[in-house]
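Q: What follows is each chain in one-letter form.
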Amino acid sequence: MTPSSSQAAVASGVRATPILSTAGVRVEFAGRGRRRAVATAVDGVNLDIAPGEIVALVGESGCGKTTLARTMLGLERPTSGVVRFAGQPLSYRSRALRGYRRSVQLVLQDPTGSLNPRHTVYEAIAEGVRIHRLDNEEARVADALARCGLRPPERFFQRYPHELSGGQRQRVVIAGALVLEPSVLVADEPVASLDASVRGEILSLLLRLRDELGLAALVVTHDLGLAWNIADRLAVMYLGRIVEVGTPEQVFADPRHPYTRALMSVLPESPIEPIVLAGEPPDPTRIPPGCRFHPRCPELASGAAAGAGVAERCTSVALPVLPAAGPAQGQVSCHLAQAVSRD
Amino acid sequence: MPLLELRDLTITYRTEGGPVPAVRGVNLSLEAGQTLGLAGESGCGKSTIAASVLRLLPLSAKVTGQILFNGEDVLTMNWGRLRAVRWAGASIVFQGALHSLNPVRKIGRQIGEPILLHEPDVSKEAAGRRVTDLLRSVGLPADRADSYPHELSGGQKQRVMIAMALACSPNLIIADEPTTALDVMIQAQVLNLIGGLVADRGIGMIMISHDLSVLSATCQRLAVMYAGRIVEEGPAHQVFTDARHPYAEALAWAFPIIGDVRTRMSPRGLPGDPPDPADVPSGCSFHPRCAVARPTCSTRDMELWPAGEGRRAACVRVLPDGHGESAAGPVEQENDQPEEAVS
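Protein chains in written order, with our numbering: chain W, 394 to 736; chain R, -5 to 337.
None of these hints come from the bench; they were simulated from the model. As the structure is a prediction and not an experimental result, all values here were calculated from the model. Any given hint could be a false lead.
[To be verified] Pulled from the structure, derived: some chain W residues nowhere near chain R, Cβ distances all over 12 Å:
no., residue
1, G424
2, R477
3, Y485
4, S487
5, R548
6, M657
7, L712
8, A717
[Unchecked claim] So, partial list: chain W residues that the calculated Cβ filter (under 8 Å) puts toward chain R:
no., residue
9, S454
10, V475
11, F478
12, L508
13, R601
14, D604
15, I623
Where a beta carbon is used, it is the ideal one built from N, C-alpha and C, also for glycine.
In isolation and in its complexed conformation, chain R is listed as follows (with noise of 0.2 Å):
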């Protein structure tokens, strides 16, 4: 059994300009152990996908499909029994340390609390040398516990989250953005730390990033979204550097690897915006700014179809048939098949 499976998840947000599909019927699962990298540019509904899965979202929000934690579906569970899967179960680091950690409350006592609260037999004696371990484990000095936020350095609060997230052994992260604020060398102490401490406890990760280069490094699978949807999923390091589908190419592309004659000079990036979510194109959701669209990407519906070992791909150049360039031959034949029901 998966430790995490979407099943059909859609998410559509109640506006005042009418519904806002975010999500639009993703498919994925995580095995205990793994590393999944969930990528896409702002407003793709990664996030919101982040989000659903400890059921943060806002009211506004519709779910429909299902959310299976250890079998168990997120969605229907009971508040007491969804309590104790929060930070127990799964936990998130957010993205903007600066912004989540209370600004007038010691860092021992923000990481303690979640202990405290959830495993009531623990005293506070005990809960904190787990504090002082936890510190310790991703790295800060155990004092730190007596400092404020204001004291600490962007990278030692990005750590501090990670303790927080780490305090009640969850089994499964969801890491969003962890390193986007952070410089290089930042950047990777934090990486690296992620990485030991998901290989030593064997637990799950998802990390949510737009930077395909630091997702290749880090996870094992890789999923791409574009518009609420996924649309390329295969093991990281193959969906990075020979991508199937093109936007997972321009994406790839855009942080170019150093030392790489082909971006000298030529930085690459995709033309025109990401569609808005409320008037998604139809077809193929990618195809007007697709350099390589066919005239049946603007009306048929994609699907991952298989694209080689463990991969999958939403774009028709992957179909058996889409190897050609020529257009005429297929689309006839591709129209004859049924629509996928989305919504």
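One chain only, chain W, in its complex shape (with noise of 0.2 Å):
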């Protein structure tokens, strides 16, 4: 699928059938210390990602979206909820994941921790063909490097990482999740250990991968540019939940949540006064009640919310999980925010 095309889809609101989708995953873990807290680090998420869409879950640290992605991957269980890829709901079976595990794969953040340093770069992407026992192993691998801009291709094969700039390892990581021909790459923080005039390359990468092959991506990132750069949907993930999700034109040229408008208010070059949230993230060990936004709302402590006569509302009445395909105009998970488009 090229890019104009699902962007239409999600323009029209027509969407094809997810590629992977998650149906009210809620993932607890269980609590350690004294407390014994059980803490939610999802707290009920529907997210589709179509067939060559990139979407990009954002959100501050301890937010739940690396969670949310390991449970996409199947590497953590959720507490209820499920995860279906191609329609199918994911099975836990040692065999099944590993067949999944060929079509959904992972590229971390830090290309350096995620390459054996004694593997050459040949047999660092032979390892996954292995795995499955793929055949023509040399050709696949030698494919995969030069999809990634690793050109000629056997002249990487006998290099060491430590012999690669930083932007060339992130590339043979990539090519080592290509080569089982996936059709989603789950992406953690993909550019942010990666030199600046690197992540533009990276990020091009990406979007060449979803043209050519039609792959379709998660990008986990807490880099609103990055969503800007290359995510056809954005989806803001704020305590376990997704807060605001629709088209990055539509989030960024009007972001509804309070949340979504501090995040971008903060953004150097922003036209938007700098509204700066106080305090750290919150504790998913004690998710307040009401939205659960509400301590830190800066439309709440100005008496916006109370204006608009939905105080009391943010404060006690817990709002519903957003549903995963919804109307074109993109989705807010916000007592004010639907109090005024009611109006």
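The two chains are supplied separately, each in an independent frame; assemble them into the complex guided by the hints.
A: As structure tokens, then:
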């Protein structure tokens, strides 16, 4: 699927069967320490990824975005809810998972940590081919390297990670994921540890792979610029829930959730007056009642929520989980935004 | 007299594989109360410069040139004077607060340590009161003095580092990537804090980062480094939005301005990798990666030429005779000029 057609699909609200989706996924971690409080890292998430679509999942550290990504990879079992791949619920039997992992591949943040320093580039990439017992090992490795811009591939076969630059290492990591011909890449902060000039190159590579191979991607990041650069859709996560979702154009032009607006306002060159939220990201063992954002919400603090007559709802009425496939104009989980749009 | 002046600063690391020049003739000056951003990618020499100002480089580094702090050369100071300048005259906020704090000592003691060492007539009680004030000025509750580093979040630890840097009221602060590992919201909090402290106390600051958008938002002037040299210098916002040197331009484009349609779905990177410091290309060291390089660029030595009001850039395109795209005319004339002495 080309970018224009996938964007058109998003815009018209007609969405293809998602390649990867979550329905009501909730992930809890057993408590440790004196309180033994259960941490709810993901608290009910519906998220669809269409074939060939790049979805950016943004939020602060501790908001549950990495846990959600790990759950979608089958590395974490949801406490409740279901992850579906091509319409089929994920099976957690080891053989089924092995097949699944060929289709949904992971790219991590730090390429130096993801590569074994004593394996050559060839061995690093061929490992997946061997595990999945595929034929034509060398041709597959060469093809994956070439696709990731390491040309001619043979020149890189016998190199070790320390002989490569940071950007080249991340290309090797992506090639290692591609060699299994997956249909989805899950990338956790794929450019956060790279140099500025290399960043654009790696993001261009992800876009090109989507165009050439129809690869879908879930990109987990706290970098809103990355979402603007490559994502078809953007989901903003706060304390285990998606609080706003839409195309980057919609969300950035008109952020409707106060949290999204605050995140955008603190970017350099932002046209919005900076709204710096005080305090740290909240504790997933103690999710506030009502709207989970209300203790930090600038709209509630300024009285804007009271003015619209929703202040009481903000502190007491829980918001429903956003549906995965909704109206094309994007969705928001906020009492105030809903009150305003009803007027 | 400038607060800090670097004159023809050259730093070469002696390694087993021969000398590696990290900084190659840098001239910079900073007035009291001014803020300067120093931008560049890993390996360009920016952190080496930061460490050289307080003579914190390893013995393998050979430093020539002058580092004038309040007119006094740091490189020729005796140990006693150097100790007095460290902390009390100038201090550094290092990147990665996680690794810079002692994990087995309480925060309060770590902040108080330089006060007790540098001001022997201050009593323990008075130092404790100053620690409380410092914690408050960086937005941390005073009882945090009794915490250990692991009890704090990343943003809080970075604030502790800033409080330590301010402990002896220096008039110069060097902040080396102070927000690299932090989330957008915490980054905004820390940058706000640094900006406010610098303005309130009238101290000079050098902030180092590879993110031009952050530097443009926090600093008055901006210097961009490539392969051990400054390639562009000028008012921060002008350099960020209208760079004269192609490398500075690429770096500015790496972090998109959200809402700028030119960067939507088209991340821009810079092909190629930064040069090996041991083997820097001849002429303009950027020419192998430069999209607008001319034949003369591979041989001619660059210097920082005037490039508009208060601006300098090391690119032949800023020369009066360098505006035309035809390279034929000026080449001979340029080659006749005496070569700049560089090593």
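Q: Confirm or reject each hint.
A: Here is what the structure says about each hint:
For G424 of chain W, the condition that its CB be more than 12 Å from all CB atoms of chain R holds, with the nearest at approximately 18 Å. The claim that R477 of chain W lies off the interface holds: its Cβ sits roughly 28 Å from the closest Cβ of chain R, which is beyond the 12 Å cut-off. Non-interface call for Y485 of chain W relative to chain R: holds, since the shortest CB-CB distance, roughly 32 Å, exceeds 12 Å. With a minimum CB-CB distance of about 36 Å to chain R, S487 of chain W clears the 12 Å threshold, and the non-interface call stands.
Distance to chain R confirms R548 of chain W as a non-interface residue, since its nearest Cβ pair spans about 15 Å, more than 12 Å. The claim that M657 of chain W is not at the interface with chain R is violated, since a C-beta of that chain comes within 12 Å of its own (minimum 7 Å). Every CB of chain R lies more than 12 Å from the CB of L712 of chain W, the least distance being 21 Å, so the non-interface label holds. At roughly 23 Å, the least C-beta separation between A717 of chain W and chain R is larger than 12 Å, which holds for a residue marked as non-interface.
Hint status for S454 of chain W relative to chain R: holds, with the closest Cβ pair at about 6 Å, below 8 Å. Because the beta carbon of V475 of chain W sits about 30 Å from the nearest beta carbon in chain R, more than 8 Å, this interface hint is broken. Hint status for F478 of chain W: violated, given a least beta-carbon distance of 26 Å to chain R, over 8 Å. For the restraint placing L508 of chain W at the interface with chain R, the shortest Cβ-Cβ distance is roughly 17 Å, beyond the 8 Å limit, so the hint is violated.
Taking 8 Å as the C-beta cut-off, the interface hint given for R601 of chain W is violated, the closest approach to chain R being about 11 Å. About 10 Å separates the beta-carbon of D604 of chain W from the nearest beta-carbon of chain R, more than 8 Å, and the hint is not met. Taken as an interface hint, I623 of chain W checks out: its beta carbon lies about 6 Å from the nearest beta carbon of chain R, inside 8 Å.
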